[in-house]
Amino acid sequence: MSEQAITSLNIILQNLHDFQPKDAIEASLVAKAAALFQHGMARLSKLASSENVRNSEAQANIAIKLLRCHNETIEALSRYRRGGEQRVVVQHIADKIAVVNHFSNTEGGGS
Numbered sequence: 012m013s014e015q016a017i018t019s020l021n022i023i024l025q026n027l028h029d030f031q032p033k034d035a036i037e038a039s040l041v042a043k044a045a046a047l048f049q050h051g052m053a054r055l056s057k058l059a060s061s062e063n064v065r066n067s068e069a070q071a072n073i074a075i076k077l078l079r080c081h082n083e084t085i086e087a088l089s090r091y092r093r094g095g096e097q098r099v100v101v102q103h104i105a106d107k108i109a110v111v112n113h114f115s116n117t118e119g120g121g122s
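So the sequence shown is numbered by my numbering: it starts at 12 and just counts up by one.
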């Protein structure tokens, strides 16, 4: 096994430890998010050392797509952990008086 593969595996295992997945679906989402992040950052690293403009643009586009997919995977994990519950916290601070309203929708519909 290459050193890069061992490093990648260690990062995924560290993420699994940090996120403490409750089931296989959460574990899969955590592992996918870690892999997407690693690959996106690797593309950014290649972008930094690229001398060709076309290659730079290609590396940047791939990195953006990978990191966007990473964010979507983290959001999917968050939604899965909430069980579809949507919550909005509205804070308004005026004249040293804070007003905090908690709105939640447990039926899955949103407004």
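You may find that some hints are simply not true.
Unchecked claim - Calculated pairs, BS3-like style, for lysine-lysine (alpha carbon to alpha carbon, straight line, at most 30 Å): (1) K43 to K33; (2) K76 to K33; (3) K57 to K33; (4) K57 to K43; (5) K43 to K76.
Calculated from the structure, these hints are not laboratory results. The structure presented is a predicted model; accordingly, all values stated were derived computationally and were not measured.
In rising order, the numbers of the hints this structure does not comply with: Failing hint: just 3.
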